[in-house]
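Visitor: Sequence:
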Amino acid sequence: MATSSDDNRIAYAENESYDQPVLHARKSFSVEAVSSELEDILCNMELSRSQRIQRATWAELKTLFRLAAPAIVVYLLNFFVSISTQIFCGHLGNLELAGASLGNSGIQGLVFGVMLGMGSAVETLCGQAYGANKYEMLGVYVQRSTILLTLAGLVLMFVYIFCKPILIGLHESPAISSAAALFVYGLIPQIFAYACNFPIQKFLQAQSVILPSTCISAAALALHLILCWVVIFKLGGGLLGCRAGNEFFMVGYSGSPVCVHSCK
Numbered sequence: 023m024a025t026s027s028d029d030n031r032i033a034y035a036e037n038e039s040y041d042q043p044v045l046h047a048r049k050s051f052s053v054e055a056v057s058s059e060l061e062d063i064l065c066n067m068e069l070s071r072s073q074r075i076q077r078a079t080w081a082e083l084k085t086l087f088r089l090a091a092p093a094i095v096v097y098l099l100n101f102f103v104s105i106s107t108q109i110f111c112g113h114l115g116n117l118e119l120a121g122a123s124l125g126n127s128g129i130q131g132l133v134f135g136v137m138l139g140m141g142s143a144v145e146t147l148c149g150q151a152y153g154a155n156k157y158e159m160l161g162v163y164v165q166r167s168t169i170l171l172t173l174a175g176l177v178l179m180f181v182y183i184f185c186k187p188i189l190i191g192l193h194e195s196p197a198i199s200s201a202a203a204l205f206v207y208g209l210i211p212q213i214f215a216y217a218c219n220f221p222i223q224k225f226l227q228a229q230s231v232i233l234p235s236t237c238i239s240a241a242a243l244a245l246h247l248i249l250c251w252v253v254i255f256k257l258g259g260g261l262l263g264c265r266a267g268n269e270f271f272m273v274g275y276s277g278s279p280v281c282v283h284s285c286k
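Our numbering puts the sequence shown at residues 23 to 286.
A portion of the hints provided could be inaccurate.
Below, computed lysine to any residue pairings styled on SDA-like, alpha-carbon distance capped at 25 Å [unchecked claim]:
| # | residue 1 | residue 2 |
| --- | --- | --- |
| 1 | K156 | V231 |
| 2 | K256 | G112 |
| 3 | K84 | Q150 |
| 4 | K84 | L233 |
| 5 | K84 | I238 |
| 6 | K156 | R166 |
| 7 | K186 | G260 |
| 8 | K156 | L170 |
| 9 | K84 | S70 |
| 10 | K186 | L132 |
| 11 | K84 | S58 |
| 12 | K256 | L245 |
| 13 | K186 | P196 |
| 14 | K256 | S123 |
| 15 | K186 | F134 |
| 16 | K84 | S230 |
| 17 | K256 | F102 |
| 18 | K84 | S72 |
| 19 | K256 | G208 |
| 20 | K156 | T168 |
| 21 | K256 | L117 |
Simulated restraints on C-beta separations [claimed, not checked]:
| # | residue 1 | residue 2 | range |
| --- | --- | --- | --- |
| 22 | V177 | N66 | 50 to 58 Å |
| 23 | G191 | N155 | 50 to 58 Å |
| 24 | N66 | I169 | 45 to 53 Å |
| 25 | N66 | I105 | 42 to 50 Å |
| 26 | I75 | F255 | 50 to 58 Å |
It should be emphasised that the hints constitute simulated quantities derived from the structure, not laboratory data.
Just so it is clear, CB atoms sit at the ideal spot from N, CA and C, and this is done for glycine as well.
Sequences and hints are given; from them, build the entire structure.
Guide: Here it is in structure tokens:
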């Protein structure tokens, strides 16, 4: 015997429209909207198979480019910071260039890889939480990751502190090891900038919020070049000047996602 609740469910099912597309255009917390364009193209039987494939491929490429292009620019800007720092050090002399290159590509590259790898886990966790509409977990994952990366940074800091004996133990020249140590000692605060930057950057990327970080990274790079030029060539800062310019970029770049997150 059917109950009133069963009658209500049957009436609701009869009124439900089943001819709607699976993907509905809706707004999320990010600037990106879920579109049914790809499904419409693939379901359009008026087009030939090759036409549907071409149009679907173009629609996918547009979507991927809109998301990937800002991220590509961000990583290129980070690469340009490293290259520009070494170019400035090259004007100081061969010893300074060797020390900066060794400290930048060797010691700093090791720490950067470890911190980036640990911070990348946030992108997976935040992406899963965002897709499951568990928005309250986004901040939890970011906070936990920041704490873990800060603790890891405390351990990795000893690599920076003892980089000179480590390099000498690897049979590097004592003069180059000393120059690399001078360059690396000032980058210790950068470790903790990584601890703040990577989780929040991945937190924003999981929501397709990338363009603000790109714009701020470009502005920070421009200021980095100006600061390095002033400190090195006008104030005679030497390796200390390159180090200060590099720190300025990282602090500004790390603070930019925090500001974007706070304004959302």
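Visitor: Now tell me, hint by hint, if it's right for this structure.
Guide: Status of the hints after comparison with the structure:
1. K156 x V231: 18 Å, holds
2. K256 x G112: 16 Å, holds
3. K84 x Q150: Distance ~23 Å between K84 and Q150 Cα, so the pair holds.
4. K84 x L233: 16 Å, holds
5. K84 x I238: 24 Å, holds
6. K156 x R166: 16 Å, holds
7. K186 x G260: The hint holds at about 19 Å.
8. K156 x L170: 22 Å, holds
9. K84 x S70: 21 Å, holds
10. K186 x L132: 15 Å, holds
11. K84 x S58: 14 Å, holds
12. K256 x L245: 16 Å, holds
13. K186 x P196: With Cα atoms ~8 Å apart, K186 and P196 stay inside 25 Å; holds.
14. K256 x S123: 23 Å, holds
15. K186 x F134: 18 Å, holds
16. K84 x S230: 14 Å, holds
17. K256 x F102: 22 Å, holds
18. K84 x S72: 18 Å, holds
19. K256 x G208: At roughly 20 Å apart (the allowed maximum being 25 Å), G208 and K256 satisfy the hint.
20. K156 x T168: 19 Å, holds
21. K256 x L117: Cα-Cα ~20 Å, so holds.
22. V177 x N66: 50 to 58 Å: 57 Å, holds
23. G191 x N155: 50 to 58 Å: The hinted range 50 to 58 Å holds for G191 and N155, with Cβ atoms some 52 Å apart.
24. N66 x I169: 45 to 53 Å: Hint holds: Cβ distance 50 Å, inside 45 to 53 Å.
25. N66 x I105: 42 to 50 Å: 48 Å, holds
26. I75 x F255: 50 to 58 Å: The hinted range 50 to 58 Å holds for I75 and F255, with Cβ atoms some 56 Å apart.
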